[in-house]
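2 protein chains.
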Amino acid sequence: MTVKVITVGEKILGTNNAKAEENKTRLARYGILTINIMSSPGAGKTSLILATIKHISQKARIAVIEGDVASSIDADKVNALGIPVVQINTAGGCHLDAFMVEKGLDNLPLEKIDLLFIENVGNLICPNNYLLGEDIKLMIASMPEGDDKPYKYPAMFADTDVVILNKVDLQPYLDFNEKAFRKAVTGLNPDVIILPVSCKTGAGMPAWFKWLEGALKAKKKG
Amino acid sequence: MTVKVITVGEKILGTNNAKAEENKTRLARYGILTINIMSSPGAGKTSLILATIKHISQKARIAVIEGDVASSIDADKVNALGIPVVQINTAGGCHLDAFMVEKGLDNLPLEKIDLLFIENVGNLICPNNYLLGEDIKLMIASMPEGDDKPYKYPAMFADTDVVILNKVDLQPYLDFNEKAFRKAVTGLNPDVIILPVSCKTGAGMPAWFKWLEGALKAKKKG
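Here the protein sequences come in this chain order: Y and X. Under the numbering used here, the first residue of the first sequence is numbered 221, with each subsequent residue one higher. Under the numbering used here, the first residue of the second sequence is numbered 221, with each subsequent residue one higher.
Simulated from the structure, these hints should not be mistaken for laboratory data. Small disclaimer: the values here were computed from a predicted structure and weren't measured. One should not assume that every hint holds.
[Unchecked claim] In silico BS3-like cross-links for lysine-lysine, where the CA-CA straight-line distance does not exceed 27 Å:
hint, chain 1, residue 1, chain 2, residue 2
1, X, K239, Y, K420
2, Y, K399, X, K297
3, X, K323, X, K430
4, Y, K430, Y, K440
5, Y, K403, X, K332
6, Y, K323, Y, K420
7, Y, K297, X, K332
8, X, K297, Y, K403
9, Y, K399, Y, K332
10, Y, K279, Y, K239
11, Y, K297, X, K440
12, X, K420, Y, K399
13, Y, K332, Y, K403
14, Y, K420, X, K403
15, X, K332, Y, K420
16, X, K403, X, K332
[Stated by the list, open to error] Label pairs and their calculated CB-CB ranges:
hint, chain 1, residue 1, chain 2, residue 2, range
17, X, K279, Y, K430, 36 to 44 Å
18, X, E398, Y, G434, 52 to 60 Å
19, X, N237, Y, E331, 48 to 56 Å
[Said to hold, decoys possible] A few chain Y residues that face chain X, going by a derived Cβ cut-off under 10 Å, partial list only:
hint, residue
20, A271
21, K274
22, A400
Just so it is clear, CB atoms sit at the ideal spot from N, CA and C, and this is done for glycine as well.
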């Protein structure tokens with residue numbers, strides 16, 4: 221028996237991207253490097269942000285916009301480190317958009333920020349369609365999710381600048397083929413940077429910090 | 221510093237739920253037990269379906285509707301077991317809807333089916349808003365996603381009949397508090413059935429099979 225495949229229509233974007241350009245101009249005025257962090261639920265967005273704050277906050281002034289359907293669990297964790305943070309609750313919405321981020325920017329001390337992390341809603345589909353004003357799109361893939369995810373959620377993998385492959389500490393207990401994963405990702409996105417890490421154990425994190433410090437320097441130089 | 225919380229508006233549903241009622245009536249005519257399976261990407265929807273097919277296909281005639289943004293990887297796996305399957309590709313859409321499922325039903329031998337699994341798109345937010353015609357909503361939470369997910373994606377946990385807690389084989393390597401997870405889930409949904417399993421090792425699966433066989437019997441009795 222052959223498998224029947226039915227393809228249905230795509231959604232239409234609104235005026236989001238014009239607002240994203242406005243945000244980008246506003247952020248550029250302050251020289252802020254802005255990273256839009258996307259992933260499935262529980263892949264490690266907050267863990268990456270927290271680990272990065274601990275490492276880099278002596279070198280760069282960080283702020284965070286947290287996007288969630290509900291709760292302020294993540295923002296509370298960032299706040300506990302003394303970092304300026306705004307929580308955006310989407311009340312059921314499946315992604316941040318540029319208008320929400322504008323509201324976030326209105327509530328942050330932009331003149332005192334070098335690096336802004338925007339933690340998007342946990343979702344491998346919808347966030348990719350909405351520019352926010354970021355310099356860099358970063359997505360986190362979590363090893364327990366499996367190595368076939370680039371085939372099933374291709375748009376996000378195709379469109380990102382950086383893929384953090386998190387939870388590599390679980391590799392011995394998973395059927396995850398990193399070579400197959402890399403092949404799938406680079407097939408969609410030849411220039412992408414893939415960084416395997418464990419936010420839990422710290423494995424691979426120096427390469428991420430080095431990459432980020434380079435991006436911060438490049439931003440300062442304009 | 222207190223955390224700033226911004227709440228933005230909700231989406232509006234279309235005529236989906238009327239079509240879902242039509243699907244439900246159509247499925248009831250054939251006495252088909254229909255289960256809508258939802259989860260994050262990579263939590264184990266296909267693994268649960270494949271393991272269940274292997275266990276139960278002597279006792280019940282199974283069919284599957286596979287929903288994905290792209291690819292037919294999952295449908296190919298089901299098809300390899302000789303089970304009728306339709307792949308629906310949403311081309312960027314973040315959930316199945318009742319109209320897509322109707323097209324799936326048009327392509328299945330309904331008179332020869334006792335149990336229909338509908339594997340929704342991997343997403344903990346959008347699928348919950350769209351009834352498909354199912355008897356049972358089932359969601360899979362994967363242990364590596366963390367025990368705080370009920371707080372961050374409350375609508376899906378509040379609205380489901382069954383929560384399968386998958387990948388319990390990884391428990392020794394995770395900071396996952398099952399008691400806290402259960403408390404969070406039952407706080408949102410006091411009557412929910414929570415079944416911890418490992419689709420990989422088979423741990424806990426007998427309880428799921430037993431529950432499913434009970435649901436099949438109840439359906440046959442009408």
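Here is what the structure says about each hint:
At roughly 46 Å between alpha-carbon atoms, K239(X) and K420(Y) are farther apart than 27 Å, so this suggested pair is violated. For the hint pairing K399(Y) with K297(X), the CA-to-CA distance comes to about 21 Å; that is within 27 Å, so the pair holds. For the suggested pair K323(X) and K430(X), the alpha carbons sit about 31 Å apart, so the restraint of at most 27 Å is broken. Restraint check for K430(Y) and K440(Y): the C-alpha separation of about 16 Å stays at or below 27 Å, so the hint holds.
With a C-alpha separation of about 41 Å, the suggested pairing of K403(Y) with K332(X) is violated against the 27 Å cut-off. Taking the CA atoms of K323(Y) and K420(Y), the gap is about 32 Å. The hint is violated against a cut of 27 Å. Distance hint between K297(Y) and K332(X) is unfulfilled; the C-alpha atoms sit about 53 Å from each other, more than 27 Å. Between the alpha carbons of K297(X) and K403(Y) the distance comes to roughly 21 Å, so the proposed pair stays at or under 27 Å and holds.
Of the pairs offered as hints, the one joining K399(Y) and K332(Y) is violated, with about 42 Å between alpha carbons and a cut-off of 27 Å exceeded. With a CA separation close to 30 Å, the supplied pair K279(Y) and K239(Y) exceeds the 27 Å bound. Distance restraint check for K297(Y) and K440(X): the Cα-Cα separation of roughly 50 Å exceeds the 27 Å cut-off, and the hinted pair is therefore not satisfied. Between K420(X) and K399(Y) the alpha-carbon distance is near 22 Å, which keeps this suggested pair within the 27 Å criterion.
Among the hinted pairs, K332(Y) with K403(Y) is inconsistent with the structure: their alpha-carbon atoms are about 41 Å apart, more than 27 Å. Distance check on the hinted pair: K420(Y) and K403(X) sit about 25 Å apart at the alpha-carbon level, within 27 Å; holds. Taking the CA atoms of K332(X) and K420(Y), the gap is about 49 Å. The hint is violated against a cut of 27 Å. For the proposed pair K403(X) and K332(X), the alpha carbon gap of about 41 Å is over 27 Å, so the pair is violated.
Checked against the hint of 36 to 44 Å, the C-beta distance between K279(X) and K430(Y) comes to roughly 57 Å, which is inconsistent with it. Judged by the Cβ atoms, the range 52 to 60 Å given for E398(X) and G434(Y) is violated: they are separated by roughly 41 Å. A beta carbon spacing of about 49 Å between N237(X) and E331(Y) agrees with the range 48 to 56 Å that was offered as a hint. At about 14 Å, the closest approach between the beta carbon of A271(Y) and any beta carbon in chain X exceeds 10 Å, and the interface hint on this residue is violated.
Residue-level restraint check for K274(Y) is violated (minimum Cβ-Cβ distance to chain X is 17 Å; threshold 10 Å). Against a cut-off of 10 Å between C-beta atoms, the interface hint on A400(Y) is violated, since the closest Cβ of chain X lies about 12 Å away.
When each numbered hint is compared with the structure, violations occur for hints 1, 3, 5, 6, 7, 9, 10, 11, 13, 15, 16, 17, 18, 20, 21, 22.
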